[in-house]
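Can you join these two chains into the complex? Each is in its own frame, and there are hints to help.
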Amino acid sequence: MSFLKAFTKKLSSRPEFGVFVAFAILFVGFSLTATNFLTFESIAGIVTVAAELGIVTAGITFLMIAGEFDLSVGSVLGVSGMIFAITATAGLPHIVGLLLALGAAAVIGLINGVMVVHTEVPSFIITLGSQMLWRGVILAVTRGFPVRYWGDSALLFALNGRFAGQLRVSAFWFLTVVFLLAFVLTRTRYGNWVFATGGGPQAAKTLGIPINRVKIVNFILSAILAGLAGCIQFARFRSIDPTRGQGLELEAIAAAVIGGTLMTGGYGSLIGALLGALLVGMVRSGLIMAGAPSYWYQAFIGIVLIVASVVNIRLTRRWTSR
Amino acid sequence: MSQGKECLVEMIGISKKFGTVQALKDVDFDVRRQEVMGLVGDNGAGKSTLIKILTGVYQPDSGKIYFEGREVHFNSPKDARDLGIETVYQDLALIPLMSITRNFFLGRELVQKVGPLRVMNHRKMDEIAIQALRAIGVHVRSPDEPVAILSGGERQSVAIGRAVHFGAKLLILDEPTASLSIKESQKVLDYVLEAKERGLSIIFITHNIYHVYSVADRFTILEHGRKLAEFAKSDVSAEEIIEIIRSGRRVVGEDCGGER
Numbered sequence: 079m080s081f082l083k084a085f086t087k088k089l090s091s092r093p094e095f096g097v098f099v100a101f102a103i104l105f106v107g108f109s110l111t112a113t114n115f116l117t118f119e120s121i122a123g124i125v126t127v128a129a130e131l132g133i134v135t136a137g138i139t140f141l142m143i144a145g146e147f148d149l150s151v152g153s154v155l156g157v158s159g160m161i162f163a164i165t166a167t168a169g170l171p172h173i174v175g176l177l178l179a180l181g182a183a184a185v186i187g188l189i190n191g192v193m194v195v196h197t198e199v200p201s202f203i204i205t206l207g208s209q210m211l212w213r214g215v216i217l218a219v220t221r222g223f224p225v226r227y228w229g230d231s232a233l234l235f236a237l238n239g240r241f242a243g244q245l246r247v248s249a250f251w252f253l254t255v256v257f258l259l260a261f262v263l264t265r266t267r268y269g270n271w272v273f274a275t276g277g278g279p280q281a282a283k284t285l286g287i288p289i290n291r292v293k294i295v296n297f298i299l300s301a302i303l304a305g306l307a308g309c310i311q312f313a314r315f316r317s318i319d320p321t322r323g324q325g326l327e328l329e330a331i332a333a334a335v336i337g338g339t340l341m342t343g344g345y346g347s348l349i350g351a352l353l354g355a356l357l358v359g360m361v362r363s364g365l366i367m368a369g370a371p372s373y374w375y376q377a378f379i380g381i382v383l384i385v386a387s388v389v390n391i392r393l394t395r396r397w398t399s400r
Numbered sequence: 195m196s197q198g199k200e201c202l203v204e205m206i207g208i209s210k211k212f213g214t215v216q217a218l219k220d221v222d223f224d225v226r227r228q229e230v231m232g233l234v235g236d237n238g239a240g241k242s243t244l245i246k247i248l249t250g251v252y253q254p255d256s257g258k259i260y261f262e263g264r265e266v267h268f269n270s271p272k273d274a275r276d277l278g279i280e281t282v283y284q285d286l287a288l289i290p291l292m293s294i295t296r297n298f299f300l301g302r303e304l305v306q307k308v309g310p311l312r313v314m315n316h317r318k319m320d321e322i323a324i325q326a327l328r329a330i331g332v333h334v335r336s337p338d339e340p341v342a343i344l345s346g347g348e349r350q351s352v353a354i355g356r357a358v359h360f361g362a363k364l365l366i367l368d369e370p371t372a373s374l375s376i377k378e379s380q381k382v383l384d385y386v387l388e389a390k391e392r393g394l395s396i397i398f399i400t401h402n403i404y405h406v407y408s409v410a411d412r413f414t415i416l417e418h419g420r421k422l423a424e425f426a427k428s429d430v431s432a433e434e435i436i437e438i439i440r441s442g443r444r445v446v447g448e449d450c451g452g453e454r
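Protein chains in written order, with this note's numbering: chain H, 79 to 400; chain C, 195 to 454.
So here's chain C without its partners, still in its complex pose (with noise of 0.2 Å):
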């Protein structure tokens, strides 16, 4: 281990062609264990097409993905969410008219049995999903209200919220402040932080090289395709990230797998 902190997650020389277009040509892509990785780059650089695959959304053309040590495959986004990786998405996957509780547990309600019954148990579930909110910092008026009528930065809280309470070990956020206002934002970054406090790994894309440089430890800078570089956040400066994207100079960094 070059860094004395293992990796989580590492993807070695993942390709994926979509007709004609090649997304992703051999691109190698780590995250360590409690660490927040920055996954810049400019539109169409192939970040989306990365974490896709990731999380089973799509299957590599060639390449191996490893978690926690161990070879993975995954055929679906399930697969992926099963061992403990959970994607907060752009559209945060909340229903607006559900209320705060009924959205936190989709698809994962708690039921118990009431004779042959297995009935919802909301008055559990309202207590769990305040008190997860609360741990990240979020504090909801009620757990009734409808999701619609929280603020952006209240919708991507209860998104992060109900990815760390369901035990994810990877957190990815896509473009977590793209529609927030400044305080927001900064409030979704503390959330980061929490979370990582907390012993998760996190994946932080964004087109906004301030909002991530002030919260991931190294990033991963990704052009037509290619991996351009990989810095410690001490190796770089947030105008340097920039520059980079800008030129698109290629740059080579080091990662942090062991031998494989």
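One chain only, chain H, in its complex shape (with noise of 0.2 Å):
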């Protein structure tokens, strides 16, 4: 029984722990309400929404960790599947493409961390206005009209081919990023200091921690993830409107949120994550087939996200006040 309760406590000082019990309790509840939620279909659809959105929600996690926030991921999203795109109808071989897309969103990842550490303006200012300039710049260039191609290529297929039936490869890409992420974080010396960078600048710089590289690192990761989730939806799609990835940075910021990291930084998972981005994707699919009208995602949601927020504060806070 003592064995019992020590487990438990251990348990539940875990960051990921709030959002295993709601996971836990919603698949259940999905799966008893919703008809075929418990399908190999319904749940593979699942997988690849949540891929997608889980692979920009791990880049942002990391990034939260270390202090700082990163509201252009949606634009970042849709500029990387733009460049991905254009260049494919120009018949530009996908892989000069790809580098393209990712480089494109490395260099946005650059201005955002350089101008966070530099001016001192809040990273929530900073890439709102980063979210505007590049959202505003891919519909000047593309004059509002989407970008479709018919073409195929391996490298479409690597990026999010369908295998197994309904099951995609962005799942494998999803896990990889998860797991290395998750391995440099927890692992290694980058990963302490990602967590000091966010818990205790002014510690962490006494100490000698790089803070500001780290950031800006962070900012980078951030936005290569946002845009190779961009290269992956237009992978899915074989197309993109310049509309594409608009709102995505709150539902990303609300998974990671769901997941455990705290918005004040230094704490956080990654595993808390994959688990915040599978829940917002079952949430999607199992109120649909619940029979709720697909309004009431954005509702739920967003109780979903406070009632988390709410429990991980308390489970911080249960040892962090004495």
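Wrong hints could be hidden among the right ones.
As the list claims (entries may be wrong) - Below, in silico cross-link-like pairs of lysine-lysine (DSSO-like), each with a Cα-Cα straight-line distance of 27 Å or less:
1. H:K283 x C:K427
2. H:K283 x C:K211
3. H:K283 x C:K363
4. C:K427 x C:K381
5. C:K318 x H:K283
If you're looking for bench data, these hints aren't it; they were derived computationally from the structure. Here the structure is a predicted model, which means the values were calculated and not measured.
Okay, structure coming up:
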């Protein structure tokens, strides 16, 4: 009994505990109420949506743990997807297009990071500006028209092809990204610095941690992952419209926070991000399958976000306020 | 050597201005090996400025610093730390949400090669952290616990234990007992003596003359950026030190340096 108690206590002190419980409850709830929820197709559909969101969420989580925000990921996703689409229709090799798309994302991330670090304007404002700027650029360049591509390639399959029926390769990229970032965060020096940069920038600086460099690197990473998600999404739809990714930044931040990452930095988990993204994807499909009008999706996510934040802050406060 | 005990640090004629404010004027300050030096004085006396010069945070306008007999120039805190000058700041430079071990090794993580990767060696870091803390008399429940759940005294001890472990020759404690209970303060004073026992020199900066009096060997009293006095403990009582600070009366003491 005391073993069980110690075990639950240890478990509940993990950042992803809350989202794990919420995920389990919702999963059971949808399984009971939504017809066809527990089918392979339905699960695969959830994973496909969650994978694209989750890759963005993973990057944002990593950045949020370092104490910064990125509201521009939706626009970056659009920019990268658009570059990939335009270069493909122009006949460039897809690998070149992909590298250009990711390179552009990296440059945007670099600009975001350098601006935040050197102007000391909060990242919320800088990346809000960046979001509007790059969305505007997409609209101006495309004049508001979507870009379609009719071709195919091994690379497009590798990014997001379909296999084993309804499953898509994006799930593999999602897991890879989460695993790699989780590894870096928990097992490497750099991960230690990321926690420190968000958890106590002044103390970290005193101890010689290059907090500005950590932040800039994480901004770049967040942007590259958003760019990757854009290319993966293009590989799924083979088309991209100028509003692609709009609102995604908030969904990704919501998923990160639901996953137990603190808005204030210094605390969070990639496994939490994974579960958070899956939860958002599950709610989206599950509500429709349960017969609720799709409008309710956003309202429901809003409630989940608030409940998750309250639970998470209670859980962390329990052992930080002593 | 007037005292037969060599100086670890000697600062000579240190002056520093911030704009029009003369923060330090021609201050001499020294610490001998294996000695606890109490650096006392009222608010704005220049204690922190002097220490920040010694730790490389500020550069002096004039004056010289000798460490282990050699003249040194610190351009950054890292320069000072590389020579073995460790500071435990008032904020302790601890990160509440991180574990004891992660805090202990922050910026100096132990890594091992796993194939092409350099992976943190958590087990070894846990062991070392526990051992190092035990060596100065601190017992932590678990090295995985976040620093947030430790008491003020325990945090102080983690910060001191970290500094001692990472080869400090000179340990600088900035108001280490300021926010602690009486019991916890006593513990911190014990750590100070333990560290001295292990061969370190310690600069103890404080307002609380009674705390520093019980552990210090000598005292330097600053006032308005000047050195008011320097005493061996045997030549002065705690009440006299308080009286000097209160009245601002200048007394000339003797230093430990050889000839320069």
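For each hint, the structure was consulted:
1. For the proposed pair H:K283 and C:K427, the alpha carbon gap of about 36 Å is over 27 Å, so the pair is violated.
2. In summary, the hint linking H:K283 to C:K211 is supported, as the alpha carbons are separated by about 25 Å, within the 27 Å threshold.
3. Note on H:K283 and C:K363: the hinted pairing holds, with a Cα-Cα distance of about 22 Å set against a maximum of 27 Å.
4. With a C-alpha separation of about 21 Å, the suggested pair C:K427 and C:K381 falls inside the 27 Å cut-off, and the hint holds.
5. At most 27 Å may separate the alpha-carbon atoms for a hinted pair to count; C:K318 and H:K283 meet this at roughly 25 Å.
The earlier numbered hint that this structure contradicts is number 1, and it is the only one.
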